[in-house]
Amino acid sequence: MIWTKCCWPTLSESPDKVNLQMDNSRWQSGLLVTLRFLIGWHLLYEGIVKVLNPGWSAYAFLEGSQGFFAGVADWITSNQGILSVVDALNTWGLVAIGLALVLGLFTRPAAFAGATLLGLYYLFNPPFIGIVPTVPMEGSYLIVNKNLIEAVALLLIAVSPAARSFAVDALFVNRKDQ
Amino acid sequence: MTDKDKTIPKLSRRGLLRGLGSVPLLGAVGWAGMAASDKFSDKRETTRNALNINASAPPAVGSMSGDPIRVGIIGFGGRGHRLCMSLGFATDDWLERMSRAASNNPDDNRLADYLDQDDQNVRLVGVCDAFDVRAEEALESFNTETNKIKRYRTYEDMIASSEIDAVVIATPDHWHGPMAIAALEAGKHVYLEKPMTHNIEETYRLREAARNSKGVLMIGHHQRQTQSFLTAQDVIRKNVLGHISLVQVNTNRNKDTGAWQYPIHEKASPDTIDWQQFIGSAPMVPFNKEHFFRWRKWWAYGSGLSGDLLSHDYDRINCVLNMGIPDSVMSAGGIYTHRDGRNVPDVMQVSMDYSDPRNAPVQNGGIKQGMTVLYSATLGNGHTRPTLLMGHDGTMELDNRLRLFTDADSTKFAELIKAGTFEPDKPVFEYDPAAEGVDAFTSATTAYFANKGLLWTYRDGKRVDPTFLHLREWLSCIRNGGKPSCGIDEGFEEAITAHMAGLSYKMGKRIDWDPTMEELVPIPGYDLDEVLLANVERVA
Amino acid sequence: MPNKFERRTLLKAMAGVPVLGALGFETLRKLKYDAKNNPRKEIVRELGLDDLLSSVKPVTTNNGDLIRVGIVGFGVRGARLAKELGFMEKSRFERELAEEKETGGGPLKTKLERGNFNVSITGICDVFDLHAENGLVAARHDIFTGGDIAKANPVKRYTRYHDMLAEPSIDAIIIATPDHHHAQMTIDAINAGKHVYCEKAPVHREDEILPLYETVRNSDVVYQMGHQNPQNAVFQQARLILDRGLLGNISHIATTTNRNTRTGAWIRHKTGSGKIKPGDANSIDWKQWLGKAPQVPFSIERFYSWARFFEYDTGLYGQLFSHEFDAVNQLLDLGIPNTVSATGGQYFYKELGDMPDVLHTSFEYADKGTTLTYSANLTSSQSRPRTIYGRDASMTIGSDLTMTPDGSSERYAGLLEKGLADPSRPMLEILEGSDISSPIDAVTSASIKYYAARGLTRTFIDGTEWDVTQLHLKEWLDCIRFGGTPSANIEKAYEEAVVIAMADISYREQRRTSWDPVNKQIIRI
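Protein chains in written order, with this note's numbering: chain A, 210 to 387; chain B, 3 to 542; chain C, 4 to 528.
One-sided excerpt, in silico: chain B residues whose CB lies under 7 Å from chain C:
hint, residue
1, V349
2, D355
3, N383
4, D409
Lysine-lysine pairs mimicking BS3-like chemistry, simulated, CA-CA at most 27 Å apart:
hint, chain 1, residue 1, chain 2, residue 2
5, B, K240, B, K420
6, C, K353, B, K240
7, B, K420, C, K273
8, C, K104, A, K355
9, C, K33, A, K355
10, C, K112, C, K60
11, C, K371, B, K257
12, C, K523, B, K511
13, C, K273, B, K414
14, C, K280, C, K295
15, B, K291, B, K269
16, B, K257, C, K421
17, C, K523, C, K371
18, B, K511, C, K371
19, B, K420, C, K104
20, C, K273, C, K290
21, C, K353, B, K414
22, C, K278, B, K420
23, C, K290, C, K159
24, B, K414, C, K278
No wet-lab data here; the hints were simulated from the structure.
Yeah, the Cβ is synthetic: ideal placement off N, Cα and C, and Gly gets one too.
This is chain A alone, in the form it adopts within the complex (with noise of 0.2 Å):
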């Protein structure tokens, strides 16, 4: 019942304090699920793309991949088998992750391991000075780029139980609390 405290005002407060706080945190749940579904869209189709092209790969990527984990990204590269095992993770986590994000299942898990993935992106080519971006990326970025804020965003969502509205979640929630 930890998620209904939060999101509903208790009787005890006064009128005026009680509606302001109820419009606030009503915006910000409000908002917090947008997010949610907004970024598991963006997730699960990135994932559907990839499905349907087989012939993508994290190649060009990784290829591309400069700064700390360039030497991951080679050694990635170098082994066919792994490249693969590469490809399908990142393909199918996409899809699964958007999906639990979209759907509200397991959705902590899916945000943190979404957080992860992007926080893996940042970190295989990180807008450094120094590090010149082999394949250009539209807009300008320092060290900051949107990979860092999508991650940061999810971390949110996974902290956030007001995310775990409009929810699958919901439902196990509810059961296991009553």
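Could you slot chains B and C onto chain A? The hints should help.
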């Protein structure tokens, strides 16, 4: 071979290309191709200062008032129709067809453009054509209350008439010389379609006649009126491109009509066509409809790719670079696509070399001199190739639109390129007079001519017909005096060059020009005019 | 109360489902839209090119016995060829590998992984002590083992190439000298029983053509000319399209050269900072370098900038047009034209030798009904792509391949009418390694385009980036080991040699030349 530079082209936002239609006479000037940065306006200043190009205004036209000039048209075929239209005389048939086209397609402005045309203050009082149907069409369409038009059976009659002030000649090539000479000697003004002449000897005679006549001679290279050419002239004056070593002009056409396979009129017969008149000085052959309507396919009447299309391209470049007659010409080619009995080539390469430093074209800062103008043509493919003027510091793409590119290895712009102000693969300057309008090309041939600046141009952002402008300039010179932009000197250069190209093709030899003697270097054992006029593809 | 609660809770919990539904719906819509507006799939099908991608042969890596190679001429090109076999100076290797890693990998990496062709360089022959020394250093360091190959097969310097040819343990010779030596050295090497990889052009003078041809034909060693560009994957795909006549009747093939630097114009005796490069009469065996060319006093300009002099080569024809001709000859089997006419001049670099800055040559194939042109300009780097103009479509071929329909084409009238194709842009564009059958291709095209832009010297096969010279050498080695005829073989060399001679004579004598196929003679018109 070295690996290409490893840096990646920056993704940059394209500069403004669209024109400011409200700026009079300038059309659309674009400062494109600059890398995205906050210092956009700074860079524009730098570019402007670095290039200092002015999109020029066209030459002013003198007064057109006074009594109407009485014009006679000799040769009322395809081109003749067009010329009369630009004088303000469109046939009923054309008006009706355009009206129907406009109602089917609201974007079709051809009728509106015509009606919008300024009055040229001429009367079309005479028509001379060997084909009765054409002459009669002119009489029917152009005989009105204000305009009385008469048919003259022969061109001599028309030229001798006191009712004619000026003639427009749009006949097959082999008549151009004789008619123009006769008209000038009779003191008439002459607008002569290209190519100026059909053989070498009459080129000199025509020059004599023009110099001694009070008649104004204008050669029909109307693309000189195109806005982008005026701007191009400024680019050359300012030596933006550095030493220009190679100019490439092309013809790519793929339709049967593009290969001169014009329709044959159903009413054509020895009764309706004065065959003798048509043949003139060409070798007499029995009546032949193919020859009459598709005369361009034979050396006897036409001049093939070199006279018909190269002449236009040569003049376009000549008016920008002023290079004159080449020192030598080498042609090659063959009949590879339209093997239908013609004897003019349908694939042709003509290399016009300006190699003698004494005669080098005017190149600013020119310690280094020399240039080749290369004409490459095929009538078996319609893929457009741009006209390119390639200089050491930059390249100019010159069609109806003008684009300037700096060369990655330019010495003059090296600093600016290093600083990122100029990016070699993007135009640093773009002049697109059509930017405001939507141009619907109605056919591949139309697109071909439009790209050469031969179909329309823009004044005050308004689309106008360069043929109209060219005729207007001629008429203005008639009324007010002055030297026409494409007169005997320009025509002489074009004619000689075209003949050199044709000769080189037919003989398989290099043809040289002697500028001191002002004549073609003779080739022992050959009468050059005989070769040119021989109605065969090649001479042994 | 539990029921109402539960139903409302259930509905709320299922909020994600309609979102999912919306995504699914929109995705399907996009796929439909893309299929309509990304007509590549349909075009590919209509053109019957479903096998286009698979037409690129994979690179096999089966090696045989050790092949011992001797290199004659260790200048820039010689060093490059050694590198492509895996032999290069150690510090240079490390530096280039590091550079490559920075930009995400490349052919050097591929070489390390798959480029060991079981070859050793055991002979270096160069008239210039410095270059010979470079050769020895390179030969002693292979990138695979750091030098073990050379330890097992020591490399020796030969001051005269005849001595190297006499060495029985050398199996094959690579010739990378100035052109005027090519023919004689090839003939001598073949007569000595060695396989030959000879840089272009195959011969320098007209009278060398027949002896070269006959020598190679009467031998059983493998001869390969140094034309590596057709190893590019797109060439195989272009060949497929052309073999099927998809362009219609071809009336014109346009090849070009555009460059705008002094080194590009082969003025190469100075370094970037303007100093004269090393070498003098003591360190260079000038007499041997001249060979049969006219005896002139030692000249450092001639030594480095030899390509500009007609005594040593055929200028642009031998250096650059030869590549162009081989490319189109491999694609279209053009052979020898009926007539050739050439013209041009020195307009800009009026120093050092005879090489023109602007050159135009027309090769008329009257029997085939087509023209091949070569237009060269050494004073402008304006890009003019290699283009084939057909009645139905035009094709450009460089590091990528495009096919643009002609507005008047009857064959493609259907596609044009349906709006699937448009004459103002390509209807087929094959970039290196791109998968033309995928429905959603935005994923790969950005990176592929970038790699393609990096130069003609590389190609993508099976997602691996190879250097085309390396593949070309490999083709030669494979033929040596397993039999077969390489692509740039003696028949092609003969055709090319004749074509170049016809052009060379035409330019120098300012007259047309023609070919008499019966007597196999070049006629001056």
